[in-house]
Amino acid sequence: MPIKWLNRISAIVLSAGLLSIAARAEVTLLNVSYDPTRELYQDINAAFAKRWEASAKEKVVIKQSHGGAAKQARAVIDGLEADVVTLALAYDIDEIAARGKLLPKEWQKRLPHNSSPYTSTIVFLVRKGNPRAIKDWPDLVKPGLSVITPNPKTSGGARWNYLAAWGYALKANGNDEGKAREFVTKLYKNVPILDSGARGSTTTFVERGIGDVLLAWENEALLAIKELGPEKVEIVVPSVSILAEPPVTVVDKVVDKRKTRKVAEAYLEFLYSPEGQDLIGKNFYRPTLAEVAARYEKQFPKVALFNIEDVFGGWQKAQKTHFADGGLFDQIYQKQ
Amino acid sequence: MAASASTGALRAQRDSATRFEANAATRESAWVKWSVLGVSLTFFVVFLLLPLVAVFFEALRKGMQAYLAALSDSDALAALRLTLLTAFIAVPLNLVFGVAAAWAIAKFDFPGKHILITLIDLPFSVSPVIAGLIYVLVFGAQGWFGSWLAGHDLKIIFAVPGIVLATVFVTFPFVARELIPLMQAQGKEEEEAAIVLGASGFKTFWRVTLPNIKWGLLYGVILCNARAMGEFGAVSVVSGHIRGETNTLPLHVEILYNEYSFAAAFAVASLLALLALFTLAIKSYVESKARTVLVDADHS
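These protein sequence lines are chains A and B, in that order. Residues 1 to 336 in our numbering are what the first sequence lists, from first letter to last. Residues 1001 to 1300 in our numbering are what the second sequence lists, from first letter to last.
The reader is advised that the hints may include incorrect statements.
Distance condition first, Cα-Cα at most 30 Å in a straight line; then the derived DSS-like pairs of lysine-lysine [as the list claims (entries may be wrong)]:
1. A/LYS259 - B/LYS1155
2. B/LYS1155 - A/LYS71
3. A/LYS101 - B/LYS1062
4. B/LYS1155 - A/LYS59
5. A/LYS153 - B/LYS1155
6. A/LYS186 - A/LYS142
7. A/LYS262 - B/LYS1155
8. B/LYS1062 - A/LYS226
9. A/LYS63 - A/LYS109
10. A/LYS282 - B/LYS1062
11. B/LYS1062 - A/LYS128
12. B/LYS1062 - A/LYS253
13. A/LYS259 - A/LYS142
14. B/LYS1155 - A/LYS105
15. B/LYS1155 - A/LYS257
16. A/LYS257 - A/LYS105
17. A/LYS232 - B/LYS1062
18. A/LYS109 - A/LYS142
19. A/LYS302 - A/LYS57
20. A/LYS50 - A/LYS63
21. A/LYS232 - A/LYS142
22. A/LYS171 - A/LYS320
23. A/LYS317 - A/LYS189
24. A/LYS63 - B/LYS1283
25. B/LYS1033 - A/LYS63
26. A/LYS135 - A/LYS226
Take a look, some chain B residues computed to stay more than 12 Å from chain A by CB distance [claimed, not checked]:
27. ARG1014
28. PHE1057
29. TYR1260
I should point out that these hints are in silico values taken from the structure, not numbers from a laboratory. Glycine included, every Cβ here is placed at the ideal spot set by N, Cα and C.
Please take these sequences and the hints and turn them into a complete structure.
Below, the structure written as structure tokens:
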């Protein structure tokens, strides 16, 4: 009896071993990304795999991992072997460079447009018919309103949301930092839950029906309408918002170790190609290639955008002042 | 909580219930009986049965075709494979450990026994998230053994070994906890008799101890297995969430749900529910088997 069992166990172990050998006969890439890009990279990966097989005569399988941007960066620092990272904002990749020492500090200069193949912005998603009559940022601080946004400590989108609100308040109050702080404090008083990623917040708002307004990536808001139907939610575009630039890069230490640099670089370049840019537009991100951007112009609302360099002096500075331990966000949120 | 103990208790309860019902002096009036029954049944239906039915209902909402498609998706199959593999490694490990620990605690006296019992309970009292983080801190790239592991090209965190480790940690106490009270209640007389009659240590274990504990052991293994397949928190921390590679079934359900694939999420959830129901069926079989063994023992 024990021998029979031993045979069976060894057969199972052996077949598991064979399976993993078979899996190694092709190149695999791991793309560690932020939360709402699931649908985008599903399309991109299929298209790129076809391209790469035709041009390099090599089969490539791209594996995906999604989560809040800071959480994902933390995982890469802790040893998640990402060939490429495609995160919500530059600071999280800076962290991988600084703490994990997995890529050079100047990584953002390696690809066009600050290594961001597309841009996006922050808009509001409200319930059908806009029952609370939300039109612009000042409406969000009305008492009794419930605003859904993820946790800026773990989510990239949440940090863009926060900075968009702060930037608006600066502009509306003649760059008065004190007034801006007051405005954002009031806004976060209206936030009942902080999910760890943008997608979690979307499900909280749409599926669980919590909150009057969701601060969301433009792409996430457009996707929610497409997936769930325009009879449930609608978009409100604020008078001014932030230009979000989610960057991409190869992780040098990993691609050199796994000998995947060539295919990883080709993968990121594909994002900038007309075909990649078209898929980007289709998935509601704003393409950077002018000819493709023109084709998708109609689907994006017109909104005045400011960028993080001009208003906050870049991500390093913004992170330090607002999101570091004991920073402004902590002070604002703990006071409640 | 041991199987034979609980089935024995069940039998005793049934006997006393029959006795109470038969005697007019101790019989409760009908309305008390039925309202108590009604409350517990309503609770059962609302909080347990309804959600279970809802899982299957939602899973089949888009038809059988979509249901099967969701289950035969390559990522779902990979998640199923990983879940089974994890249970396949974690359960035997904890079986061996549980028997050894229970044996040591119940049959021997040694200093630090109470500390050992407390340590076995540790995974029950620690949040699964902490359990996961412990492994990240020890085996992660920035952790204690991080650079050594990287130097030898060994991956633990964000790979299958990390998932197995985290699962072993959270399912650690099930078998031991099940066996310790049982073995303590049985005492050591039978083993002592076997030794006196000239049996070797191994033979004593195999012919005397194991037959005595087998139903309790099986019960512990079943509980251990159920938790191993269903664990979310600890595994989520060490998984890295790579689709088709380090996602177990519970993690895959969350991903699908977050991707607006509600029917597919419930389809995979129904698979987990089926595994649980299957486990429960085996558990009741084990319990009834244990009961007949006890009854036989009583009659002989």
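Structure-based check of each hint:
1. A/LYS259 - B/LYS1155: 17 Å, holds
2. B/LYS1155 - A/LYS71: Between B/LYS1155 and A/LYS71 the Cα gap is close to 19 Å, so the pair holds against 30 Å.
3. A/LYS101 - B/LYS1062: Cα-Cα ~48 Å, so violated.
4. B/LYS1155 - A/LYS59: It holds: about 24 Å lies between the C-alpha atoms, which stays within 30 Å.
5. A/LYS153 - B/LYS1155: 27 Å, holds
6. A/LYS186 - A/LYS142: 8 Å, holds
7. A/LYS262 - B/LYS1155: 23 Å, holds
8. B/LYS1062 - A/LYS226: Holds. B/LYS1062 to A/LYS226 sits at ~18 Å (cutoff 30 Å).
9. A/LYS63 - A/LYS109: 26 Å, holds
10. A/LYS282 - B/LYS1062: 26 Å, holds
11. B/LYS1062 - A/LYS128: 25 Å, holds
12. B/LYS1062 - A/LYS253: 45 Å, violated
13. A/LYS259 - A/LYS142: 55 Å, violated
14. B/LYS1155 - A/LYS105: 26 Å, holds
15. B/LYS1155 - A/LYS257: The hint holds at about 13 Å.
16. A/LYS257 - A/LYS105: 19 Å, holds
17. A/LYS232 - B/LYS1062: 20 Å, holds
18. A/LYS109 - A/LYS142: 42 Å, violated
19. A/LYS302 - A/LYS57: 43 Å, violated
20. A/LYS50 - A/LYS63: Holds, because 15 Å separates the two Cα atoms, which is no more than 30 Å.
21. A/LYS232 - A/LYS142: 23 Å, holds
22. A/LYS171 - A/LYS320: Holds: A/LYS171 and A/LYS320 sit about 21 Å apart, inside 30 Å.
23. A/LYS317 - A/LYS189: With Cα atoms ~25 Å apart, A/LYS317 and A/LYS189 stay inside 30 Å; holds.
24. A/LYS63 - B/LYS1283: 38 Å, violated
25. B/LYS1033 - A/LYS63: Violated, at roughly 58 Å.
26. A/LYS135 - A/LYS226: 22 Å, holds
27. ARG1014: At about 36 Å from chain A, B/ARG1014 clears the 12 Å cut-off, so the statement holds.
28. PHE1057: Label holds. Min Cβ-Cβ 17 Å, cutoff 12 Å.
29. TYR1260: 4 Å, violated
The structure fails hints 3, 12, 13, 18, 19, 24, 25 and 29 (numbered hints given earlier, in ascending order).
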